[in-house]
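Visitor: Listed here are the chains, written in short residue letters.
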Amino acid sequence: MLERAEIIRKEYLRHDKKFPHVWCPGCGNGIVMGALLRGIHGLNLSKDEVVLASGIGCSGRMPTYIDFNTIHTTHGRALTFCTGIKLAKPELTVITVMGDGDATAIGGNHFIHAARRNIDLTAIIINNSTYGMTGGQYSPTTPFGSKSTTSVYGHVEHAFSIAELAVTAGASFVARGTVYHAVHLEEMIQQAIRTRGFSVVEVISNCHVQHGRRNKLGGAVEMITSYKENAVLVGKAAKMSPEELEGKFTIGVLANVKKPISTEQYQRVIVEARKNSHKNSSEKEKNGIKRYEE
Amino acid sequence: MTMAEQQKRVLLQGNEAIVAGALAAGCRFFAGYPITPASEISELLSLKLPELGGTFIQMEDEIASMGAVIGASLAGTKSMTATSGPGFSLMQENIGYACITEAPCVIVNVMRGGPSTGLPTSPSQGDVQMARWGTHGDHPIIVLAVSSVSDCFSVTVKAFNLSEKYRSPVIILSDEVVAHTREAVALPDADQIRIIDRITPGVPPEWYTPYADNNRGVPDMAAIGDGYRHHITGLIHDDRGYPTQVSQEVEKFYKRIHEKISKGFQEIQITKTYLMEDAELFVIAYGSVARSALKAVRDARDQGVKAGLLQLITLFPFPRKCVDIYLRQCRAVIVPEMNMGQISREVSRVNQANCRIVKHNRIDGHLISPDEILKHLATV
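Order-wise, the sequence lines are chains A and B.
For the first sequence, my numbering assigns the number 1 to the initial residue and increments by one for each residue that follows.
For the second sequence, my numbering assigns the number 1001 to the initial residue and increments by one for each residue that follows.
The set of hints was computed from the structure by calculation and includes no laboratory data.
Each residue gets a CB set at the ideal place from its N, CA and C atoms; glycine is no exception.
A couple of the hints might just be wrong.
The calculated DSS-like cross-link candidates involving lysine-lysine, where the alpha carbons are at most 30 Å apart (straight line), are [claimed, not checked]:
| hint | chain 1 | residue 1 | chain 2 | residue 2 |
| --- | --- | --- | --- | --- |
| 1 | B | 1295 | B | 1252 |
| 2 | B | 1252 | B | 1272 |
| 3 | A | 216 | A | 147 |
| 4 | A | 239 | A | 228 |
| 5 | A | 279 | B | 1321 |
| 6 | A | 275 | A | 258 |
| 7 | B | 1165 | A | 47 |
| 8 | A | 275 | B | 1008 |
| 9 | B | 1252 | B | 1321 |
A few chain B residues facing chain A, derived, Cβ under 7 Å [claimed, not checked]:
| hint | residue |
| --- | --- |
| 10 | 1034 |
| 11 | 1036 |
| 12 | 1064 |
| 13 | 1224 |
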């Protein structure tokens, strides 16, 4: 374990980048980053073939620290940039890390359409129930009744369930993990990257500085320990009654389906279009475009 | 015209000529969202790109389209999108990202009346200042205007070349009239078109500094996935691409991205002149209005008025030097526009010779006719 940690520190972190990072002490983001790096290390991918993208927010800073092809994009739009990268270079392994507000508020449209399209990307969504970087405003996953800097009287709206949203929108692989279950998380991330098609891992994480403090959920230790108590594996949950599941949430694989992947289907389109273009070349001469084709 | 030239003539719509120009320039990626009067560009490219091994994708909105275009460009593929006013508004956020990360890309805006849903889909030139200043923050950008089907081809090729050479988004402003007019045009042979590609690093990856300055001010560009792992961010960054707030580094960054464009003014600022040698008064026009202006100038000459036309292909960076020369030569300038005066304010800004500036603005969704311009030329 220690040996592996040393390999990861040496191999994958950007030592020329001015550390320390921007995250608060006890933040779950570091645990997610560790699980991600161990997961990728286990897949034997070369650093040149991995793209790590992010949007805006605390999670958005993660790629800066890691020695892959990294891109820190605009708020909520990481998946759109990844779509362009993947279509231009289908051979790359493209992973994006987002926050809950990033992925499901401002980026909600892109998120559901990436899932519907079933493009071969992996989305890791760190869900800490708040906008941490901007000071703790309510996000699409802030629980009903919770306090935040924009819901001081208690939140009047309902929360999204990110993983379930991804299942409904059509993702090939959907899993949920927590920052308490770091080994399990690494496994989920690895499975997601290995999946061909759109894969999502929602990670329940702690922002004790904003969400936790305002809702008296304790510090990092208390919050992270609560995930141990409240997370139930999907298989086990299936055998539990609704009463027993009150206040709990499921972790594990929520969906794993095989279906056509848009990135691969487009390769078929190219083959077909090329066949057609030979057939109709005289037709095209007429519209003047033929001459500029290879 | 020789027989061979005549045989090469084809009947094309402005939007189709933009597609032909883009493919000729090497565009192999397009992402867009349906909007009139730009949709023909999407439709035709969805057919043509896969034939060339390129990729077309229809995204969920225009913000997404712009994101995908930048992603593909950063991965090494020449990319473009096309839209109209409402979609162009949505794209602004990511156009700023293309400016700060210096991602080459081409954005076609087939203008219609605005703001908001506005006047679909009558011609307009209402997005001129927005093309320059639409995204927030200080940024350089290149804006070109097309006035004919033949322009649509050549200016699109030029747009790709400039975007690759200067690592900058280039906006092509078309309008509904140019987009949907069909004209017979003779397109040049592929071997007669000059194509410029971005300069890739000539050093091994371990020596590569992604945003290091050179005498051009345009850093060599490695594609994502080519072995030159580096960081790309929309934050102000240092030479290595990492976020910085160190004031010297911040200032250095802003200066370089502005200077790389000003160093290229001579090449970037494209204008055309007609009968300007002995002109005593002239018209400054761009887009479809330049066509009416040319007819008006010819008619004025027939009446013995020494009129000329300065047609702007490049709107921004505004060709101030060229405009200044003619403002000094002539006693008056007519600036007809299908907006409330978005280029005439630029003309006023550079007018140090006290040349009389006559604005002519039409915003009812109709073309400006040659007669309207002629009236000014005959009476000024």
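Visitor: Sort out whether residue 1321 of chain B lies within 30 Å of residue 1252 of chain B, counting only the CA atoms.
Guide: Judged against 30 Å, a Cα distance of about 26 Å means the pair holds.
Visitor: With chain A as the partner, please determine if residue 1036 of chain B meets the hint condition of a C-beta pair closer than 7 Å.
Guide: violated (21 Å)
Visitor: So if I understand the rule, the pair passes when the alpha-carbon distance is 30 Å or less; does residue 275 of chain A with residue 1008 of chain B pass?
Guide: Status holds; Cα separation ~25 Å.
Visitor: Can residue 1224 of chain B be said to touch chain A, with a Cβ gap under 7 Å?
Guide: holds (5 Å)
Visitor: Measuring from the C-beta of residue 1034 of chain B to each C-beta in chain A, is the shortest one below 7 Å?
Guide: Nearest chain A Cβ about 15 Å off; hint violated.
Visitor: If you draw a straight line from the CA of residue 275 of chain A to the CA of residue 258 of chain A, is it 30 Å or shorter?
Guide: holds (28 Å)
Visitor: Is the shortest C-beta separation between residue 1064 of chain B and chain A less than 7 Å?
Guide: For residue 1064 of chain B, the interface hint holds, since the closest Cβ of chain A sits about 4 Å away, which is under 7 Å.
Visitor: Between residue 1252 of chain B and residue 1272 of chain B, does the CA-CA distance stay at or below 30 Å?
Guide: violated (35 Å)
Visitor: Quickly compare the C-alpha distance for residue 216 of chain A and residue 147 of chain A to 30 Å and report which way the hint goes.
Guide: Given that 30 Å is the threshold and the Cα spacing comes to 10 Å, the pair holds.
Visitor: Does the structure keep residue 1295 of chain B and residue 1252 of chain B at a Cα separation of 30 Å or less?
Guide: violated (48 Å)
Visitor: Is residue 279 of chain A within 30 Å of residue 1321 of chain B, Cα to Cα?
Guide: Status violated; Cα separation ~52 Å.
Visitor: Regarding the pair residue 1165 of chain B and residue 47 of chain A, is the alpha-carbon distance no greater than 30 Å?
Guide: Cα-Cα ~29 Å, so holds.
In summary, the structure is inconsistent with hints 1, 2, 5, 10 and 11 from the numbered list given earlier, while agreeing with the others.
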